[in-house]
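Engineer: Same order as they appear, the protein sequences are chains A and B.
Numbering of the first sequence is given in this note's numbering, commencing with residue 10 and proceeding in unit increments.
Numbering of the second sequence is given in this note's numbering, commencing with residue 10 and proceeding in unit increments.
If you are wondering where the hints come from, they were derived from the structure by calculation, not from laboratory data.
Nothing here was measured: the structure is a model prediction, and the numbers come from that model.
Misleading hints may appear alongside valid ones.
Taking CB as the label site, the calculated pair distances span [stated by the list, open to error]:
1. 14/B <-> 349/A: 40 to 50 Å
2. 233/A <-> 62/B: 40 to 50 Å
3. 349/A <-> 173/B: 40 to 50 Å
4. 38/B <-> 313/A: 48 to 58 Å
5. 99/B <-> 388/A: 24 to 34 Å
6. 212/A <-> 173/B: 54 to 64 Å
7. 275/A <-> 41/B: 25 to 35 Å
8. 160/B <-> 87/A: 42 to 52 Å
Note that beta-carbon positions come from the ideal geometry of N, C-alpha and C, so glycine has one too.
Protein chains: 2
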Amino acid sequence: MIAKKMEDMVKNSSVIRAMFEEGKKMAAQFGPENVYDFSLGNPSIEPPVSVKEAFIDILNSEEPNLVHGYMNNSGYPDVRAAIADSLNKKFDTNFDERNILMTVGAAGGLNVILKTLLDEGDEVLTFAPYFGEYNNYVKNHCGVLKAVPANTVDFMPNLEQFEQMLTAKTKAVIINNPNNPTGVVYPVETIKVLAEIMVKKGKEFGTDIYLIADEPYRELAYDGVEVPYLTKYYDNTIVGYSYSKSLSLPGERIGYLVIPDSVADFENVAAAANVANRILGFVNAPSLIQRVVARCLDAKVDVEGYDKNRKLLVEKLSQFGFEFVRPQGAFYMWIKTPIDEKEFVAAAKKHRILLVPGSSFGCAGYVRLAYCVDYNMIERAMVEFEKLAKETKVN
Amino acid sequence: MIAKKMEDMVKNSSVIRAMFEEGKKMAAQFGPENVYDFSLGNPSIEPPVSVKEAFIDILNSEEPNLVHGYMNNSGYPDVRAAIADSLNKKFDTNFDERNILMTVGAAGGLNVILKTLLDEGDEVLTFAPYFGEYNNYVKNHCGVLKAVPANTVDFMPNLEQFEQMLTAKTKAVIINNPNNPTGVVYPVETIKVLAEIMVKKGKEFGTDIYLIADEPYRELAYDGVEVPYLTKYYDNTIVGYSYSKSLSLPGERIGYLVIPDSVADFENVAAAANVANRILGFVNAPSLIQRVVARCLDAKVDVEGYDKNRKLLVEKLSQFGFEFVRPQGAFYMWIKTPIDEKEFVAAAKKHRILLVPGSSFGCAGYVRLAYCVDYNMIERAMVEFEKLAKETKVN
Numbered sequence: 010m011i012a013k014k015m016e017d018m019v020k021n022s023s024v025i026r027a028m029f030e031e032g033k034k035m036a037a038q039f040g041p042e043n044v045y046d047f048s049l050g051n052p053s054i055e056p057p058v059s060v061k062e063a064f065i066d067i068l069n070s071e072e073p074n075l076v077h078g079y080m081n082n083s084g085y086p087d088v089r090a091a092i093a094d095s096l097n098k099k100f101d102t103n104f105d106e107r108n109i110l111m112t113v114g115a116a117g118g119l120n121v122i123l124k125t126l127l128d129e130g131d132e133v134l135t136f137a138p139y140f141g142e143y144n145n146y147v148k149n150h151c152g153v154l155k156a157v158p159a160n161t162v163d164f165m166p167n168l169e170q171f172e173q174m175l176t177a178k179t180k181a182v183i184i185n186n187p188n189n190p191t192g193v194v195y196p197v198e199t200i201k202v203l204a205e206i207m208v209k210k211g212k213e214f215g216t217d218i219y220l221i222a223d224e225p226y227r228e229l230a231y232d233g234v235e236v237p238y239l240t241k242y243y244d245n246t247i248v249g250y251s252y253s254k255s256l257s258l259p260g261e262r263i264g265y266l267v268i269p270d271s272v273a274d275f276e277n278v279a280a281a282a283n284v285a286n287r288i289l290g291f292v293n294a295p296s297l298i299q300r301v302v303a304r305c306l307d308a309k310v311d312v313e314g315y316d317k318n319r320k321l322l323v324e325k326l327s328q329f330g331f332e333f334v335r336p337q338g339a340f341y342m343w344i345k346t347p348i349d350e351k352e353f354v355a356a357a358k359k360h361r362i363l364l365v366p367g368s369s370f371g372c373a374g375y376v377r378l379a380y381c382v383d384y385n386m387i388e389r390a391m392v393e394f395e396k397l398a399k400e401t402k403v404n
Numbered sequence: 010m011i012a013k014k015m016e017d018m019v020k021n022s023s024v025i026r027a028m029f030e031e032g033k034k035m036a037a038q039f040g041p042e043n044v045y046d047f048s049l050g051n052p053s054i055e056p057p058v059s060v061k062e063a064f065i066d067i068l069n070s071e072e073p074n075l076v077h078g079y080m081n082n083s084g085y086p087d088v089r090a091a092i093a094d095s096l097n098k099k100f101d102t103n104f105d106e107r108n109i110l111m112t113v114g115a116a117g118g119l120n121v122i123l124k125t126l127l128d129e130g131d132e133v134l135t136f137a138p139y140f141g142e143y144n145n146y147v148k149n150h151c152g153v154l155k156a157v158p159a160n161t162v163d164f165m166p167n168l169e170q171f172e173q174m175l176t177a178k179t180k181a182v183i184i185n186n187p188n189n190p191t192g193v194v195y196p197v198e199t200i201k202v203l204a205e206i207m208v209k210k211g212k213e214f215g216t217d218i219y220l221i222a223d224e225p226y227r228e229l230a231y232d233g234v235e236v237p238y239l240t241k242y243y244d245n246t247i248v249g250y251s252y253s254k255s256l257s258l259p260g261e262r263i264g265y266l267v268i269p270d271s272v273a274d275f276e277n278v279a280a281a282a283n284v285a286n287r288i289l290g291f292v293n294a295p296s297l298i299q300r301v302v303a304r305c306l307d308a309k310v311d312v313e314g315y316d317k318n319r320k321l322l323v324e325k326l327s328q329f330g331f332e333f334v335r336p337q338g339a340f341y342m343w344i345k346t347p348i349d350e351k352e353f354v355a356a357a358k359k360h361r362i363l364l365v366p367g368s369s370f371g372c373a374g375y376v377r378l379a380y381c382v383d384y385n386m387i388e389r390a391m392v393e394f395e396k397l398a399k400e401t402k403v404n
């Protein structure tokens, strides 16, 4: 018998598996070119060529027992120093290797920092709509996730409600910018107000409230929009980063945490995060890929491809009358459903369009469309989207 | 402030870090060639050449978005099928891809299966001396680890006490064969008796007791000794494996769980383990290295090197009068301390010999010596071991 706490999750996962199986059946029935799968956040653009070159050069030139061996649980010191330097250049920060902990992707990093910070019953706040896995990550470490209700006007953080929901039990706040699922990018002004509120409430309660900046989509921003670096606006910020999207390496599980000297109880937080990385079973971030990313700090995938997809979708879906907030980051669009969310998802499926219901992100009445797909597939899907709009009386 | 539950672990880790720093100071003071570090289980033998060849061939010939992308959280189906076939050939088992879940090393695999099985307060049994991290892994998932006291005659499992310690709350038993820290290999006869006891007690309590076989050292066995494959002796067995030692890839974090069809509640256990791999933040085992190990299923490191080290140590340390159980697996020796354990570790350090105290493995009065080191270092250390034997009046 499995753990009782796993039973519901197994049920949910079998629903998702059923959807996936249905997608495969549809592909078999209608031909894969006639199924329009916008459900997955799996990057479609290839990694930059420098990634392959770095892999092969390291394999040919570095000591195998160094490249594939254990290192400090926080990662190779030279890799961490190179990342710190690169961040300092990009964001005018002042990090060094002590501030960087290499992790098994952003998901690994979030679990490491939550294990580091949370005692049973500690609260973590985030803003709806939000990446549903936060629920699981917080529960893993016996915390309680609370979501600030969505601001459905522009999907910026609802800061008034946020201020009311911060309590003496709030140990951390997770913010995801650029945002999954909305594609919105929070600007500096918003971050400054958020930081002011957190400073004020921390003083009021006499507590240290940590801000966890979950930033796997940092490099995916369009229209020249700036993604603020949060350690500059709130001392108590820990950044979680991943190369999954910036270098199209999601399977490799490589990312890092930035734990600045300015965070409360820095020495202990850094030491505990190192221990957490080990005891959660990660032990360390995979070794060879650590050395690869350190050589590719200025590389990034050709974001133009995603931008082209975005522009086509924004133009066409507006034409068809769909309502959505203009996406400026990540590779997601967040679309209001003109009819009941479940009915809309089902109607879309009849047109062989696969979308994720908004309630998976704690915000019903919407769907998430992931546009990290082939441009041609989007083009082919447009006629079906137009029919869907008419059927569901978007206008 | 960090979590209260992390505070003691940070203290312990700073003790270990202090030891490590002291080792570095000793190396600076006496020269690295005069410090004999037997404390770490970091493989000294290089990976087989086929590993590098596989890396480069995959990078040159397979689709980058396949090689570095997301796949099923349980791993690539073709990789899992190849591993299942290889196990079937080696052990006359009957696995297929549904039975294999790729993990972030054995540590990742143990956490996945413990998350899958344990509710709060569930008990897990293991046999002292044991790998200390089991305590952390079980605590991560709110279980309680209980260690069966050591059988100090031959360090085989103490099966009489084991039978008494099994209760209706026992959800799992972890067995590590070949054993860290003792180097002992449990033979088939022992496993059969252990299985009988578990079957009997499971019936008595009306519970399913899972046997978790932690086998990162499986390929490291000497003197032609056989390491039994536990799924053949107890239906409810889940195997955790890692390539860390067999292919000298500990930094890469690659291993797998075997969940046979014969385990109780198989469908749910396999589905829940897939979910656990995702929500613990592993998401999936690193992708490229999955594809590499699938091409190297018949490769293994040159175990002769470790065997040569073992033979030299066994010969010399016996001559000097040290008492130990003859190691036949892994790369560890388990030596009785002729004086108080702490005093012995300190005395060894004066001779620039670094050993891990037995109490770290739940069994005081012993030290663990890891011989995954250069043969020359062992040779150089022998004169110091001889002095240490005389000083501590081994005879």
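Engineer: Hint by hint, say whether it matches the structure.
Structural biologist: Evaluation of the provided hints:
One distance hint, 40 to 50 Å for the beta-carbon pair residue 14/B and residue 349/A, holds here, with the actual separation near 44 Å. A beta carbon spacing of about 45 Å between residue 233/A and residue 62/B agrees with the range 40 to 50 Å that was offered as a hint. The hinted window of 40 to 50 Å between residue 349/A and residue 173/B is violated, with their beta carbons roughly 60 Å apart. With their beta carbons about 57 Å apart, residue 38/B and residue 313/A fall inside the hinted range of 48 to 58 Å.
A hinted range of 24 to 34 Å is violated for the C-beta pair residue 99/B and residue 388/A, which are about 50 Å apart. The hinted range of 54 to 64 Å is satisfied by residue 212/A and residue 173/B, whose Cβ atoms lie roughly 56 Å apart. The hinted window of 25 to 35 Å between residue 275/A and residue 41/B holds, with their beta carbons roughly 32 Å apart. Distance hint for residue 160/B and residue 87/A: a CB-CB separation of about 46 Å, consistent with the stated range 42 to 52 Å.
Violated hints for the displayed structure, listed by number in ascending order: 3, 5.
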